[in-house]
Amino acid sequence: MSYMGLIYSYSDRENLRELTSNRALAALSIGGKYRIIDFVLSNFVNSGIFEVSVIARTNYHSLIEHLGSGAEWDMSRKRGGLRVLTPFANKESTDSAQIYKGSIDALANHLHSIKKSMAEYVVLTGSRILYTMDYRDMIKAHLNSGADITIAYTNQMNGTQRIPQGSPMVYLDEQKRVQSVEILDEEQSDREGSWCIDVCVIRKTLLESLIADATSHQRYDLYNDILKRLAPTLKIFGYEYCGHLLEISTISTYMEANRAMLDPEFASKVFQETVYTKVKDSVPALYGPDCYVENSMISDGCQILGTVINSVVSRGVHIDKGAVVKDSIIMQDTEIMDHAKVEHAILDKDVIVRDGREVIGHPSYPIVLPKMSIV
Amino acid sequence: MSYMGLIYSYSDRENLRELTSNRALAALSIGGKYRIIDFVLSNFVNSGIFEVSVIARTNYHSLIEHLGSGAEWDMSRKRGGLRVLTPFANKESTDSAQIYKGSIDALANHLHSIKKSMAEYVVLTGSRILYTMDYRDMIKAHLNSGADITIAYTNQMNGTQRIPQGSPMVYLDEQKRVQSVEILDEEQSDREGSWCIDVCVIRKTLLESLIADATSHQRYDLYNDILKRLAPTLKIFGYEYCGHLLEISTISTYMEANRAMLDPEFASKVFQETVYTKVKDSVPALYGPDCYVENSMISDGCQILGTVINSVVSRGVHIDKGAVVKDSIIMQDTEIMDHAKVEHAILDKDVIVRDGREVIGHPSYPIVLPKMSIV
Amino acid sequence: MSLIKKKDMVAMLLAGGQGSRLGVLTKDVAKPAVPFGGKYRIIDFPLSNCINSDIDTIGVLTQYQPMELNAYIGNGQPWDLDRMYGGARILPPYVRGKEGEWYKGTANAIYQNIPFIEQYSPNYVIILSGDHIYKMNYRWMLDHHMKKDADCTIAVIEVPMEEANRFGVMSTNENLRITDFEEKPIKPKSNLASMGVYIFDWPTLKEYLIRDEEDPHSSKDFGKNIIPTMLADGKRLFAYKYLGYWKDVGTIESLWQANMDLLKENISLELYDPRWKIYARNGNLPPQYIGRHATMKDSHVSEGCSIEGTVENSIIFPKVTIKKGAVVKNSVVMSSTTIDENAHVNYSIIAEGVTVGDGAVIGENTNGTDAVLISVVADRVTVGSGSRVESGSVVDSNL
Amino acid sequence: MSLIKKKDMVAMLLAGGQGSRLGVLTKDVAKPAVPFGGKYRIIDFPLSNCINSDIDTIGVLTQYQPMELNAYIGNGQPWDLDRMYGGARILPPYVRGKEGEWYKGTANAIYQNIPFIEQYSPNYVIILSGDHIYKMNYRWMLDHHMKKDADCTIAVIEVPMEEANRFGVMSTNENLRITDFEEKPIKPKSNLASMGVYIFDWPTLKEYLIRDEEDPHSSKDFGKNIIPTMLADGKRLFAYKYLGYWKDVGTIESLWQANMDLLKENISLELYDPRWKIYARNGNLPPQYIGRHATMKDSHVSEGCSIEGTVENSIIFPKVTIKKGAVVKNSVVMSSTTIDENAHVNYSIIAEGVTVGDGAVIGENTNGTDAVLISVVADRVTVGSGSRVESGSVVDSNL
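Protein chains in written order, with our numbering: chain F, 1 to 375; chain G, 376 to 750; chain B, 751 to 1149; chain S, 1150 to 1548.
Hints may contain errors.
Footprint (simulated), chain S over chain F, 3 or more residues, beta carbon under 8 Å [as the list claims (entries may be wrong)]:
1. 22 to 33
2. 141 to 149
3. 292 to 298
Hints are computed from structural coordinates only; laboratory data are not their basis. Since the structure is predicted, the reported quantities are computational estimates derived from the model, not experimental observations. Don't be surprised by glycine CBs; every beta carbon is placed ideally from N, CA and C.
Go ahead and model the full structure; you've got the sequences and the hints to work with.
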């Protein structure tokens, strides 16, 4: 029995402002040294699944750079391995930036490549929700229940504050069979109902025929057009996920997700299984004679000479003497110079904040400085 | 002293009909198991240069598939290594299929990536002409002569029949300094003059400033706008190449080039140094009880049960009992079924010629069957 | 910085065998490195079986002449075994404390590498050898092992009764539980021969390896010591019947025969199966060239060859040159060998880098009988023009 | 199927050293595998120097406790040494003919691997050891070697005259040609010490290795035999002066000092240089977490650490936990160690996987002198709550 993973590298329902205008959601930095996709890819590695295709839509250049040959996830392989499916993969032409019409349409676009795989089952997942799951357990549940499709849901909300609008909710009977699927029409924070966390398991041949069928009827969305419609006829079962959860679709949930990792107890759950990412060969972090650091995550290659409080600092960041960084996310190779002040801000890669400058946002509306900005 | 290679994966002056409508020239099959780019990449490997960027324009999907991580050319490296520069590499967007305005404009597009390299010298080469050169010898000549730019030329035409229209010709003084550059305005077969074979060596910093300069004056072509214009002021030297040569810009020169490799003496020169290509893990070729093979190149994974004469047969081709293949090029995984007849034809990948069908071209105008045709 | 990661099954491949019955073919290389089938070496089969069975952690135990084998395995990339965790790892003998110890037997070799296996905390260990040509899904065998709740499962194949005395032979009950095991018995009680493929529960095997090591009278061998002791202790040992093609290529004749078997249609050793590829290190050679005067029949020919003569019912390795008028029949010609004009080669194994001079004749059937006797020409030997080599001879220096 | 390809220079890295003066730190690992500088091991320095010097073919000669070293080097990928041809290759002793031979000395180790070197037909061979911390461009040394038309070039460094007796010491003429060489002389004639880095013309070295092997009185050592014999024969031996940072980390004190040197500004062992990275195998750990009560000063801290206490002038390896109230000063704390609440660690090397219990004190300066004495706690030792370890002690079992 063999399995393959399919990961959507984007989400139809996200608004991360400048952070995702030039990169796929899956390529966004998180937790200091990681990209979002590292967490779901590592789930596959830790579940012993080494055949994974990542569905790219637009702006996939940094995603491709990050993934490389897949070797860092032990997925540089002759059989299976890691592949990025770009919209051009099946049409050898650059003349139209073809955007998929929905999650099923994206699969339809890559049906040829999906069919080529010798895997029997597919684990289909998004990038917007981070969780830690051994897919083998879910597959086992799938096989035991005799389900056509198994979808993961949660009743808890460990680590997240609210269920965003547009999320699919499932209603189950006692045997955990899905009775119906509803799409939330507004944000919900009362933690009621079973929230689908964007993971499902399905036999590959069934997926192929569902894709072909949906496409011929011009139905393009997995939850709306397939799961919701077919719940009465197909045997769709739920699989409860009880672990931690991080949801990233807005600047504030992105901030929340990073901040959540500062809680040692929460972090110990997130990093219980190895999370793989691209190796940078950087040196250990250096702390200077007059630095002050409190409740922060600091990555390799940083030089901390100033003050860092309640922040997540990515690789190769320099925080110079007298500089103060508070309640912020600082991405790779950014430099905060002497006596600069950064609060409630998200600084993208290669930003420079010059001597004494201040970048101060509001807790409810953090400032975002795009890549290579100089302040 | 360190060197990097830059390879144009396309040519502005080629007409290979269906063969390059869906793939870059550099990704075209040649010599049975190779792609055109294998030869120039192998030149780099055999010259000890392991940092190479390949400039892609359009239709680069099969090129990227072929090159993978570069491991087959020993170029999957942390320092240097093989990179494909797509038009999107510096603009993270798919919304315009940006076509370079000329060879210099292509470089200008990737100036950022060229600048990042720590190499001191650049070897710049095309894909349209195949040659075997140890670039270290050319670099040595460049350093000894004190030239600003060194360009390789040939006075012989080993293996080719004519110099195509549009080729740059150089006129040298006794010290081999280039006096002037002319672009051939019509095809030439009298073998007179010194023909540039599309290889030049230049200090990287000089290249960078020439690119910046040419771009600001809206000059986009290397030979026309830089070499030709600057011959009087820059020290441009010629470097004579005396080895074999194959030129591929039309269907008939493509046929010629493949046929040339059937000459054992010529082939022994082409394959004197190792030519690296993607490994396919196929089995040795199998010859059946009633086959007849004459003056042909047969690749791994073929099953030859019929007759093959004066042909180049790529990997995984099946030629069934009673089938006859003459004066043809058969690409990967194509099947010629019982008693079919193929003459003066180029069959692309995954073609099927059914029982008893005939595909017969003329020596002066071979038939081309595109990928996955079924006859 | 711990690299510990659990693997459900680790393979240990015994590749230290000298293969002395292969004579001149194993003078400079270990038996697993002996070339086979046109582009392979024997070890490609167990390595490919492993990766095709999703076993990606393999300790390769080398001892005898490992240089070529080590270089061949390299980083494991050709078999997709260049893994971050696991992959193919060469395990030579080494020094602990003050002095080193060579591998004293198959069991001792595994014993000495207990720390290697423990790194991965496997549930199961599969013991393989680098001596056989076969394709086998070790996962199916593991399923059998688990279903039988066995402590040890031995892959077995039925051999002709008269050959059974060359193998470890076992008797089983109707449940396939092994009731009796004898290593190379004079009077075999059954024709179920051990293929030298064992799956053990690792904790059980470890215990037996430690016990066996302490026994000064043990010869530290699986077949002679570990298996009989486990049986005597009443452990659950089961046989797993393998039905496909399997060949011990331990002799010149069997090596030749296994090569010839590839030319037969409908044997189960189908090398073309895309779902069960046999991987090999690639030589980066151009396609083969078949010249204007060649005659090809029922043969396998590899890359980089140049054929102007006649090739019939033969396996030709890479970079072989067969010149005009030369005739090669019913033979195995290894890489980089040249057969000069009008030379004749029949029923022979010609090793690497050999030159067979103009008009030389190798493997004439001069004894007038029908029995096939295989001639062997050793590595880098030159057989001079016009020389004649009788069938069944071994040529190990220039003639 | 030949894999032969010429390499201009092949490196042979002697990594079999037991490093006995490092005591408990090399009980289970060879010296080159000893951790250094927060995320490295000693062997990362010569390996990184090689790849940064464009030497991509390295034979790593192991003998003593190679398991961890072999696993660490793996397929060479972290150092970009997973090459198709060349790359990093572990070279253990092996069996030729009937029996095997262990490496008897540095020269004998290279002698036994002549076939490995010959595969690449190099012009030059560079001999390295896995015992030193330094960054060096071996290409510059090769340029020097070629310019001097030398048969052998030895990298040298000026050491204080009183320490010279611990090294191979040489005298040179104004041309840097070596006129005299003595291994660990009682009365050194100069302060030019050999760094244990030699470049040889390969054909010359090969000849001397073969000659030396035949000499029954030789101890098969470069410093004691090969170099003196070449000098006596009038061969051209030259010194190459190295001016950067170099440290033989052969003792506890020097290992501690070399770690502390990293914390000094303006030493030439700058690890941040992007053009001369020191590569190491990566542990896939999350970033470090600095808690609400931590005090950080003049220290290097690695991934996966969780710091709630005080860290001053120290090197902290990955996965170290330093709890509230704990104080670590002037120390090296290796990976996966836990320093419990209110424990104090000063002037110490704490090895991997150690637990220092609540309120324990390690490295008190109880003898009242100013001399720095380094305390050492061995791998996986637990120092119980409230225990006191005097400075200069070695703790190798639970306290």
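Hints and how they fare:
{"no.": "1", "hint": "22 to 33", "verdict": "holds (count 3)"}
{"no.": "2", "hint": "141 to 149", "verdict": "violated (count 0)"}
{"no.": "3", "hint": "292 to 298", "verdict": "holds (count 7)"}
Violated hints amount to a single one, hint 2; each of the other numbered hints is respected by the structure.
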